[in-house]
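Following the hints, complete the assembly by docking chains B and C onto the known chain A.
Chains A, B and C, in that order, give the protein sequences.
Numbers 3 to 321, taken from this note's numbering, label the letters of the first sequence in order.
Numbers 10 to 518, taken from this note's numbering, label the letters of the second sequence in order.
Numbers 11 to 416, taken from this note's numbering, label the letters of the third sequence in order.
Because the hints were derived from the structure by calculation, they are not lab data.
One thing to keep in mind: the hints can contain errors.
To be verified - With a Cα cut of at most 16 Å, we get these calculated EDC-like pairs of lysine to aspartate or glutamate:
id, chain 1, residue 1, chain 2, residue 2
1, A, Lys96, C, Glu388
2, C, Lys384, A, Glu284
3, B, Lys390, C, Glu388
4, B, Lys140, B, Asp151
5, B, Lys390, B, Asp375
6, C, Lys384, C, Asp78
7, B, Lys217, B, Glu184
8, C, Lys250, B, Asp408
Stated by the list, open to error - Computed footprint of chain C on chain B, listed as stretches where at least three residues anywhere in the stretch have a Cβ under 8 Å from a Cβ of chain C:
id, region
9, 126 to 136
10, 355 to 363
11, 408 to 414
The beta-carbon is built from N, C-alpha and C at its ideal position, and this holds for glycine as well.
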Amino acid sequence: MSKLGFAISIAFTYFTIIYLTGLGGLFSERSGIVNIGLEGLMIIGTVSGSFGAYYFGAKLGWSVPAGPIMGLLLGLACGAAFASIHALATVTFKIDHIVSGVVINLVAVGLARFLSTIFFGQATQSDPGQPHLHVISIPLLSSIPAFGRAFQGLSPFVLFPFLIVFPVWWVLNRTRWGLRLRSAGENPEATRSLGVAVAPLRWEGVLISGALAGLAGAFLSVEIVNNWREGQTLGLGFIALAALILSNWNPIRLMGAAFLFGFAQAVPLALRDWPIIRSIPEQFVNMTPYVVTIVVLAGFIGRVRPPAAAGKAYEGTTT
Amino acid sequence: MSDGDGAGRGSAPPFVVLEGITKRFPGVVANDDVSLQLRPGEVHALIGENGAGKSTLMRILYGMYPSDSGRIVIKGEEVRIHSPRDAIARGIGMVHQHFVLVDPFTVAENVILGDEGGAILQPEESEQKVKELADAYGFQIDPHATVEDLSVGEEQRVEILKALYRGVEILILDEPTAVLTPSETGDLFENLRRLRADGKSIVFISHKLDEVLEIADRITVLRRGAVVGETTPAETSKAKLAEMMVGRPVLFRLEKPEVEVGEPVLRLEGLTGGRLRDLSLDVRAGEIVGVAGVEGNGQRDLADVVMGLRPLDAGRILLDGEDLASRSTAEIRNAGVGFVPEDRHEQGLVLGMTLWENLVLGRQDDPPFVRFGVLSLRTIKELARKLVRLFDVRARSIDVTAGALSGGNQQKLILARELETDPKLLLAAQPTRGLDVGAIEFVWSQILEQKAAGRGVLLISAELDEIYALSDRILTLYEGTITGEYPPSAPAEDVGRGMLGDVAAQGAR
Amino acid sequence: MAITATAPPAAGSGVKTRPEWLERAIGQGLALLLALVIALGLGAIIILLYGESPLAVYGSILRASTTDKDGPAWVLSAATPLIFSALAVSVCFKGGLFNIGVEGQYLVAMVTAAWAALHLGGILPGPLLMWGVLLFGILGGMAYAAIPGGLKVKTGAHEVVTTIMMNGIAVSLVAWALNNPLRYTNAPVGQNVDLRTNIFPAHAKVPDLGHLLGYGPAPRLSWLFPLAVLAAAIVWFIVKRMRLGYEARAVGASVGSAQAGGIGIGSVQMKLFLISGALAGLVGMQQILVNNASTSTGGYLPQNYEATLGFTGIAVAFLGQNNPIGIVFAAIFWASLSRGESILPIETDMPREFVIILQGILIMSVVITYTLAKRRLERRQTGRVLAEEEVVAAQGGPVEVGEALS
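So that you can see chain A by itself, here it is in the shape it has in the complex (with noise of 0.2 Å):
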């Protein structure tokens, strides 16, 4: 039983990584911009979070929380930087949106390398001595006997998820931001024959992609594994896309699928010892989150409905 709540501690964690980014990609998606470069997104976000804490955290000498705070900041920041790449190539210029994603995702291996000589004067990794939140446990949760288990050593930030969905709900649903923003992923001849622009809406969403997916690359490196190292993000970004197409687009789904998700990664790293588990050879246990993400894509990809003009190009004449 402490085994299994072990386990969904580790599940919150990715739980909270896959939560933000797909809610990233939700907000792209839902103005009308699909965005396949949340994986690349999050790279920037690990490699500029784990500076982030390490330079004021470390060097600076600030106290937690600022130090990591200021990683988490940084990464949100740099994510919303490095998206308005593709909120040009796909909003201005009207590339295909799948192919921008693709060249996003490539361009940020290089680019967190060429960022890691800058920030550490090496390509793979990052110096050691990164601070990070202490943690917690939530306070009647973690008294429950064995499956308390679950609630015990949470990095604080995984709250944060809990504390968004329902503000990003009522953003979505009951402002004028929200309206415009769904009706330009719907039908961008629509908002704009009403005289709203859907340039600024598309690219708000994206930014938003990309600060959201950044937040979720540093809180892997700030909080979770306490460093750098190229080639952490292990496809959550692709896992982050599976979960919002299962969400059918809904901020408050998409929890659901994220901690299906999220317990998915946990599989491998806590329930290696159970039954059936033991049985199977480890590196096939070590498939456990992809397998599950191409089951699920498979079983219910004809059951959800996509916002209606997203991946198509506007073509507006004036604005």
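Positioned in the frame of chain A, the structure of chains B and C alone reads:
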């Protein structure tokens, strides 16, 4: 034939004066020194062929394009309109031919989009306001309904409400009756009369001369970007208007060839699937069967199902007695079915490919064109040259991409390709949508030739003109099933009723 | 069947008459040139920020791949896997599919090829073994690509995500293979060797080509390079001249029209994935089947195999604009830049990562300029055709139109 007396109101000062408007696009002059006046309490019809410049002119007024030269004067003040928002602020509203509504949103959300009245939405208040507005003009609409669920006529009302909500005084309607049944058109005209009585100025863009003569107070005719005439319904006739539109004498005469009708070429029995519900009909050799119906009642599904693009839940499709119901599209085509789809871009041509590549589409499996999997370019290009010449497709060479052709030429290309295989049955869906008079005439004559040659034609069209002009038998389609059968001599009101599912004494098939 | 007989567009209708393919070629060439100028320009700015001279840096890179010892051989051999990889990506892309899984497909191919090399040595004599091994590599790639292909066709699962997931699975598969069925069994007693397979029999390997051209064995230039160029020619032929290529392009450009025209979408897509997988299978063959005397590698499958060739292939495919001929040149160009990577820290103060940035900027500018050029070309074509229409319409005669009953 004109409706209401525009004379008294005609003396009021104009709302809008357009003077000397000129607009060029690459290679084409869309508007050539056009001048126009719009008065309050008046319906002003703007007519012309496709490409005459009517939509362009109104879009300039609505701020979607800047004009190259000329001025716009609104209520005596010269203005520059930079965007639709500007236009709306100045009291000009536009309802486009293709509705721009956000399907998953409610009616109210669609109406308020862009003028929400604050950063935070108040759904109940907005719905209330929309309801009040609708009631004021006698529009039947539920503000809480989702647009996706509305009928075409209701969607149009939402579009008009969008304009009224913003207090426009000039309402531009672009081909508003293109998608309506006769009775919905009647409803629309009722609403327009009420708006006119309220002092609004209405611009009615159309190519349907009967309707124009019915509703307009004044008529302006455009041809190839320039104004060629201004008149009133009392002073003109359909023939004169048509002549002004086209620039040459237009002969309203049609010769339907006398052909002996033979055995059924196509028999559809109890088709069910998608929007179709137990649909049955047959088409005999030497006969043109016209399926009339308002868009959204299963036309697309009917075509898709016959061509094997969509699976059937139940029913049989018999071509010369052979059941094609679960066959692949390629097999169906090879069995002798030619297809002119309603969407020539999505189902007809591959726009990025050249003319010769498009002309071999569907035949790339056949011997002279392919050997051991390798395409025989010379044979294919020979075919392409022959077809382009025969069908008079206007293009510089067969290496031009299909996307560069005009709509009429694209349709000719599709026809050339489909008719070359001499199909037993031609399925033509909305074959003249978006085409000018010359192209329409060409397409119609091709279809009649098929009949003359003893082939069968299944024509699906939302244009009653076309149905009447070509069909030997008229069937009405409503909610996925055939609701009535009429001869070409039947009055339009009867057919209209069938299109609405209102089946009277006539037996439904 | 002929109707209105009006004159065809007059030759002197006021528009230039350049053949379409030439227009396209000029447009593409200019776009490429512009992209190059932009990338090199931005790169020069970065170099200046580092306090170096752009001429010196670019000169260094150029020298490393041309005049330096064995330079060209290094470049061609580095280009070889990239050509296979980019071809694999472009084949799918022609049909509108994104095969991001070349990475995983070549990993699996290496495993199947290694198995063949180790187990078929007794059955297949001489050079037949080498061909047999290559065939198993191809089959391995095809089989692995068939999975996301099948999922796409049957369930519509988006291939971008599924192929990436397959990549992750492939890494684990290789690890499992190295630990179990293909485990190194001839480890000398007491020695701690890296995880890898046994050495392949000598006749499984692909012979060296470099020495024929006067280069040393170090760059591993083998007969796989000409094979890659041949593969490019074959892909060109398939795409341009074969029915499958035609159907693929139709599907890629307009699924609806292709379907209405009778093309079987699923079957075309599946074939594309299989061909793509076959090409992907050849990507890893160079590292396991060609001897590299200086590093004592080649001739077995190591744990630290070279990865990322799949992703680089995507970059090269974009750079070559998904055209087989363009891909060969793009691969060579890319490889020369990468060769420059190792020279840079030696001859200048630039970090080697600069090359990566340059490559990144290059991809982005190529994609953007090419798309813009294509669009501009299309618009001009449309405008020209409409202008001609105007001229001809002016010569029209009487028209007959049907009359609707009122």
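Checking against the hints above, which ones are violated?
When the structure is compared with the hints, numbers 2, 3, 6 and 9 turn out to be violated.
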